[in-house]
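S.K.: If you want the building blocks of each chain, they are given just below.
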Amino acid sequence: MADSLKQRPGPMRLIDATQYRLPLAAKLSILHRASGMLMFVLLPFVIWMFDTSVSSEISFESFTSVLSSPLAKLVVLGLIWAYLHHFCAGVRHLWMDATHSVSKEQGRSSAVVSFAISLVLTVALAAKLFGLF
Amino acid sequence: MSHNYGSKRIVTGAHYGLRDWLVQRVTAVLMALFTVVLLAQVLFGGPLGYDRWAAIFSSQWMKSLTFVVIVSMAWHAWVGVRDIVMDYVTKSLGLRLALQVATIVWLVGCAGWAVQVLWRL
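Chains as they are written, first to last, in numbering that gives the first Met the number 0: chain A, 0 to 132; chain B, 0 to 120.
Bound-form chain B, shown alone (with noise of 0.2 Å):
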């Protein structure tokens, strides 16, 4: 850390380990009983078709619940990757910060389609 300022600044290192170890935990137990609530009403209710499947998710509280989990999602792979690319793209700090650009990108793209899908419903 002794040169850490100027151009040798490191502007790509982990400064908010908590929250991040934080809102990991809690994207996950969301995302998990969103799969305990999704897996019930796909188990329960009879042959599962279109129209079922499609009823699944109409419903305001459910559209809700997964535009959360869609952030959760999107927040919860931000943490995981970024730890992924910390960990292994040492040599180039440039190489690093345009791979969490692009893992930003990536999940902002994914995310904004996802609740696209969702708000047409």
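Next comes chain A alone, as it looks inside the complex (with noise of 0.2 Å):
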């Protein structure tokens, strides 16, 4: 017991995950955490943009005028990815969980799948908030 304790690397720290050449379903995985935490920190401000943009006709204006700053759309988009980032890294876990897709090529195959769909809608909605189309 003592000497298979001693041979524990110890808990991982932050820093030790820059040392290592990830695997794209990794490359996910920590992005799921990064964008979870991105939401968490930014939450006050999704609370403000649904509390000024519903409560009055009046508040809806400054909602609109705020949010016609680069700046705000640039937060904004930062939203938006880590929430279809989230939400497609939160799917392709469930689909795990209930189909035991758990093999190194499935891990890698639904990576990419996640990637794809994430991102695409992301450019996609970037395109949109930034008045492209």
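Stretch by stretch, here's where chain B covers chain A in the computed footprint (C-beta under 8 Å, at least three residues):
| no. | stretch |
| --- | --- |
| 1 | 38 to 45 |
| 2 | 52 to 58 |
| 3 | 88 to 99 |
To list a few chain B residues with every Cβ distance to chain A over 12 Å, as calculated:
| no. | residue |
| --- | --- |
| 4 | TYR4 |
| 5 | GLY5 |
| 6 | GLY16 |
| 7 | ARG18 |
| 8 | VAL36 |
| 9 | ALA39 |
| 10 | PHE43 |
| 11 | GLY44 |
| 12 | SER63 |
| 13 | VAL67 |
| 14 | LEU96 |
| 15 | ALA97 |
| 16 | VAL100 |
Rather than coming from a laboratory, the hints here were simulated on the basis of the structure.
In this text, all values refer to a predicted model and were calculated from it rather than measured experimentally.
Glycine is no exception: its CB is placed at the ideal position from the N, C-alpha and C atoms.
Assemble the dimeric complex from its two separately framed chains, guided by the hints.
M.R.: Okay, structure coming up:
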């Protein structure tokens, strides 16, 4: 028992993660965390948007005027990406749980699909947000 | 675990893994369904101005569903952020506890604000 305990590398530190060349599924996973953390930090901004957009016509005006600034749009774009990535990576987890799709190859291919869906939708919504169509 | 008593007792460890695992998935499904329901109402029904946007949240069933989603969001984020804190804050138990308390305060405060907005509509 004591010997096996000695060989353990100890708790992983955040800095250790930068030392590895991560496979795609691992990148998806760490971004799942990062996107969740981003939305957690920006939660008051999300609720502020909900508040001002829905409370009254006057507050709706201030909502649209704040959201017309490029900086606000950039923050919203960050939230859009975070939501889409977190959503896709989360559905991937549910799919893995439900169908026991946990082989290395399935992990890779589902990561590709998750990235593809979330990034394509992010680009499309970015174009919409900045008024390209 | 040989010193898990007295002042050495681990008070912030995970002893309820299955419940948290299940909670995170159930709340995720609720939020995903909410996303689909909200998106359907936004996309169909004509141009989206203040009136139609506010009307979406004024029906009682949508208010109740949104309330469930606000609670789900806070609970889901609690499980996730707590995982992050437990993974990366390993040196100081005091710091870990402080961050976990701050997380709860943050989430309860945000959820309260969101419910307040919802219930005065």
